[in-house]
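**Q** Each chain is listed here by its residues.
2 protein chains.
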Amino acid sequence: MKKDKLLMTPGPTNVPYKVREAMARPMIHHRTDEFEFYFTSMNENLKKVFQTDNHVLTLASSGTGAMEAAIVNTFSPGDKVLIANTGVFGDRFVKIATKFGLDVITMDVPWGKGVTGHHITQILDSQDGKNIKGVFVTHNETSTGVANDIQSIGEALKDRDCLFIIDAISSLGGMDVKTDEWGIDIVIAGSQKALMLPPGLAFISISDRAWEAIERSTFPKFYFDFLAYKKSLEKNTTPYTPAVSLIVGASQALQMLIEEGLDNIFDRHENLGKACRAAVCSIGLELFAEEDMASDLITSIKAPEKIDIEKVRKILNLDYDIMIAGGQQQLKGKIIRIGHMGYVDGFDLIKTLSALEKALMQVGYDIELGTSISAAQNILKY
Amino acid sequence: MKKDKLLMTPGPTNVPYKVREAMARPMIHHRTDEFEFYFTSMNENLKKVFQTDNHVLTLASSGTGAMEAAIVNTFSPGDKVLIANTGVFGDRFVKIATKFGLDVITMDVPWGKGVTGHHITQILDSQDGKNIKGVFVTHNETSTGVANDIQSIGEALKDRDCLFIIDAISSLGGMDVKTDEWGIDIVIAGSQKALMLPPGLAFISISDRAWEAIERSTFPKFYFDFLAYKKSLEKNTTPYTPAVSLIVGASQALQMLIEEGLDNIFDRHENLGKACRAAVCSIGLELFAEEDMASDLITSIKAPEKIDIEKVRKILNLDYDIMIAGGQQQLKGKIIRIGHMGYVDGFDLIKTLSALEKALMQVGYDIELGTSISAAQNILKY
Chain S
30 MKKDKLLMTP GPTNVPYKVR EAMARPMIHH RTDEFEFYFT SMNENLKKVF
80 QTDNHVLTLA SSGTGAMEAA IVNTFSPGDK VLIANTGVFG DRFVKIATKF
130 GLDVITMDVP WGKGVTGHHI TQILDSQDGK NIKGVFVTHN ETSTGVANDI
180 QSIGEALKDR DCLFIIDAIS SLGGMDVKTD EWGIDIVIAG SQKALMLPPG
230 LAFISISDRA WEAIERSTFP KFYFDFLAYK KSLEKNTTPY TPAVSLIVGA
280 SQALQMLIEE GLDNIFDRHE NLGKACRAAV CSIGLELFAE EDMASDLITS
330 IKAPEKIDIE KVRKILNLDY DIMIAGGQQQ LKGKIIRIGH MGYVDGFDLI
380 KTLSALEKAL MQVGYDIELG TSISAAQNIL KY
Chain P
30 MKKDKLLMTP GPTNVPYKVR EAMARPMIHH RTDEFEFYFT SMNENLKKVF
80 QTDNHVLTLA SSGTGAMEAA IVNTFSPGDK VLIANTGVFG DRFVKIATKF
130 GLDVITMDVP WGKGVTGHHI TQILDSQDGK NIKGVFVTHN ETSTGVANDI
180 QSIGEALKDR DCLFIIDAIS SLGGMDVKTD EWGIDIVIAG SQKALMLPPG
230 LAFISISDRA WEAIERSTFP KFYFDFLAYK KSLEKNTTPY TPAVSLIVGA
280 SQALQMLIEE GLDNIFDRHE NLGKACRAAV CSIGLELFAE EDMASDLITS
330 IKAPEKIDIE KVRKILNLDY DIMIAGGQQQ LKGKIIRIGH MGYVDGFDLI
380 KTLSALEKAL MQVGYDIELG TSISAAQNIL KY
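Read top to bottom, the protein sequences are chains S and P. The first sequence lines up with residues 30 to 411 when you count with the numbering used here. The second sequence lines up with residues 30 to 411 when you count with the numbering used here.
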């Protein structure tokens with residue numbers, strides 16, 4: 030029997046039926062009270078999930094579009110910025126900022142390691158650190174399974190004249206992001222990760238200080254012009270045709286998140302992360318991310334010696350209808366990544382571990398069946 | 030009783046149940062054979078609907094994003110371009126091109142009038158016309174109800190060293206667009222119009238000659254970088270996470286279009302356009318668009334003297350659950366627009382006319398009930 034795919038991936042992730050049903054309703058026009066109802070509800074709940082009083086803008090684009098938008102709206106050619114490059118997505122910030130002619134100071138972090146406020150302070154206090162106008166950090170670096178320490182970086186930046194921009198594309202809605210309390214000027218989120226939606230929307234919160242920078246930015250922009258979105262948002266609308274069905278879905282998904290409660294959501298993910306790490310370690314697998322900074326939304330696992338880990342991934346996908354992720358770029362074939370973000374509970378993890386054990390056995394890895402499952406069960410609160 | 034809204038608007042338009050059902054299926058991952066199946070099917074059918082052998086790129090953005098993308102990929106700051114400004118959407122090209130520092134020659138056309146190859150030739154042969162590197166025309170100018178004559182413009186541009194770019198955002202899939210035969214270098218289409226999809230996707234076909242220009246363009250770009258999309262398309266994928274559910278829907282909608290047959294689709298829209306125009310004229314209403322160039326996808330109608338036409342629109346929406354559009358910008362309150370594009374048949378038009386008659390009566394317009402309906406019936410092939 031073929032079952033619906035279980036997505037244990039760092040996006041796209043599973044979308045609840047209620048959200049899919051909402052998106053499948055007959056189309057409505059975007060300049061109507063009915064659309065405004067969904068849009069307003071979404072916007073109110075976005076502020077709660079972003080933990081902010083700031084405006085949160087909604088773009089019809091992938092997360093990468095929103096990363097570019099943050100750069101071209103907030104800076105001008107030649108502006109000096111610091112980017113923590115902790116993996117594929119830190120590197121994407123470097124690529125975009127370089128493409129647009131910013132003066133990019135890259136903080137190259139070995140993959141699997143994370144960044145804290147201490148590391149950032151060191152650079153800002155060095156010769157290189159003068160006149161840095163913005164610091165970019167990926168919150169949940171899905172390519173390596175590391176969660177960078179946004180809170181301590183926020184503290185380190187608190188009294189500096191420097192904007193703090195984070196890619197929370199995969200973390201928002203799954204991990205704590207205290208936008209206002211931690212002093213994050215721009216937070217970028219994507220629809221298809223912890224927010225339990227299909228890809229196609231990006232959300233961006235912008236602080237007052239960032240709006241001042243936006244007024245000064247000299248990059249030409251149109252589709253991504255934040256000032257146009259702000260002006261429209263104040264009238265409960267968007268400057269260009271919004272992705273109506275995705276926004277209807279978002280209003281539903283955010284409602285579900287608020288009903289579960291942010292603290293419960295963060296707890297659930299923390300519990301899933303702990304259980305997953307304990308489970309894979311119980312069968313002798315090694316974690317790729319350094320222990321202190323391992324993400325609770327995604328677990329990266331080193332391929333055991335002489336084991337064809339890509340084959341394991343294929344077995345899970347083709348034989349058991351469970352998608353996990355492989356390594357990206359230089360990590361291809363060297364790690365696998367189990368996502369546990371968004372619409373995922375302990376039973377989904379148990380199912381995945383059960384399949385993982387079987388698949389590892391099939392490729393010749395020595396294992397006693399059930400070991401990782403009971404290790405997870407001992408921790409899971411479901 | 031409240032019925033589902035009937036969208037007789039220039040987008041978003043009605044989405045068939047089959048398409049909505051496809052989009053509501055459990056989420057799939059985009060780096061899989063399953064996604065590739067939908068993506069390939071969509072791409073093959075896009076070529077048929079675009080009537081081209083060119084690559085057709087798919088962006089997760091609204092049509093406006095694709096208009097910007099066409100400009101920043103194909104030109105460089107200071108390049109001279111000619112833009113036919115025939116309404117809100119011609120003007121949008123002007124705004125974007127100006128914002129990005131192109132040298133814009135604007136051909137201001139009175140709203141309600143259209144553009145032909147003859148008009149374009151006149152400008153290209155004038156002093157102003159020297160060194161023009163690109164000509165931009167809106168195919169179906171929904172703000173005024175005019176369809177510009179793309180075929181004759183294509184002919185006029187055939188032997189000139191000048192790219193031809195059209196906004197076919199609302200026309201593609203409803204009106205004939207012979208991309209290759211008419212020599213159109215870049216055709217931009219949107220999902221939420223004649224293609225019967227929700228908003229959130231844009232499609233762009235690009236000729237070999239345009240690709241040469243794209244190689245030369247000096248604008249920085251990342252999210253909209255056509256070369257990255259081309260490279261990915263050759264591997265049946267996208268550079269950034271695609272809007273998976275919308276693409277699954279698109280593969281379904283395009284399949285339905287191909288099954289109906291392009292000629293049948295163009296006939297249906299031509300017939301709807303003729304019937305709608307005859308119907309509104311039969312009750313003494315005046316058309317806004319000049320007769321020769323009236324669009325078959327949208328009918329713009331002047332407000333009769335002393336009639337509050339916005340009230341008519343409100344009655345249709347709130348009492349009869351039929352959305353038609355009002356006038357934009359300086360036409361607000363002066364015209365209404367009935368869209369008949371995409372998933373619309375003759376019965377939808379009859380229903381709309383029936384409601385329009387009732388609503389006009391309610392606001393004091395003298396009418397014999399049934400007049401416009403029988404006028405439409407005499408023409409409709411359903």
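Watch out, some of these pointers could steer you wrong.
Identical copies look the same in the list; a pair holds intra-copy or inter-copy alike.
[Stated by the list, open to error] Quick list of in silico lysine-lysine cross-link-like pairs, BS3-like style, CA-CA up to 27 Å:
1. Lys-77 - Lys-303
2. Lys-410 - Lys-387
3. Lys-187 - Lys-207
4. Lys-128 - Lys-162
5. Lys-331 - Lys-76
6. Lys-76 - Lys-207
7. Lys-410 - Lys-159
8. Lys-109 - Lys-410
9. Lys-162 - Lys-331
10. Lys-128 - Lys-109
By construction, these hints were calculated from the structure, which means they are not laboratory data.
**Q** Evaluate each hint against the coordinates.
**A** Results of checking the hints against the structure:
1. Lys-77 - Lys-303: within (26 Å within a copy, 51 Å between copies)
2. Lys-410 - Lys-387: within (24 Å within a copy, 61 Å between copies)
3. Lys-187 - Lys-207: Result: close within a single copy only, 14 Å intra versus 58 Å inter.
4. Lys-128 - Lys-162: Both ways: Lys-128 and Lys-162 sit 17 Å apart in one copy and 25 Å across, limit 27 Å.
5. Lys-331 - Lys-76: neither (37 Å within a copy, 43 Å between copies)
6. Lys-76 - Lys-207: For Lys-76 and Lys-207, the Cα distance is within 27 Å only inside one copy (11 Å; across copies 47 Å).
7. Lys-410 - Lys-159: neither (48 Å within a copy, 73 Å between copies)
8. Lys-109 - Lys-410: neither (46 Å within a copy, 65 Å between copies)
9. Lys-162 - Lys-331: neither (37 Å within a copy, 54 Å between copies)
10. Lys-128 - Lys-109: This pair counts as both: shortest intra-copy Cα distance 14 Å, inter-copy 24 Å.
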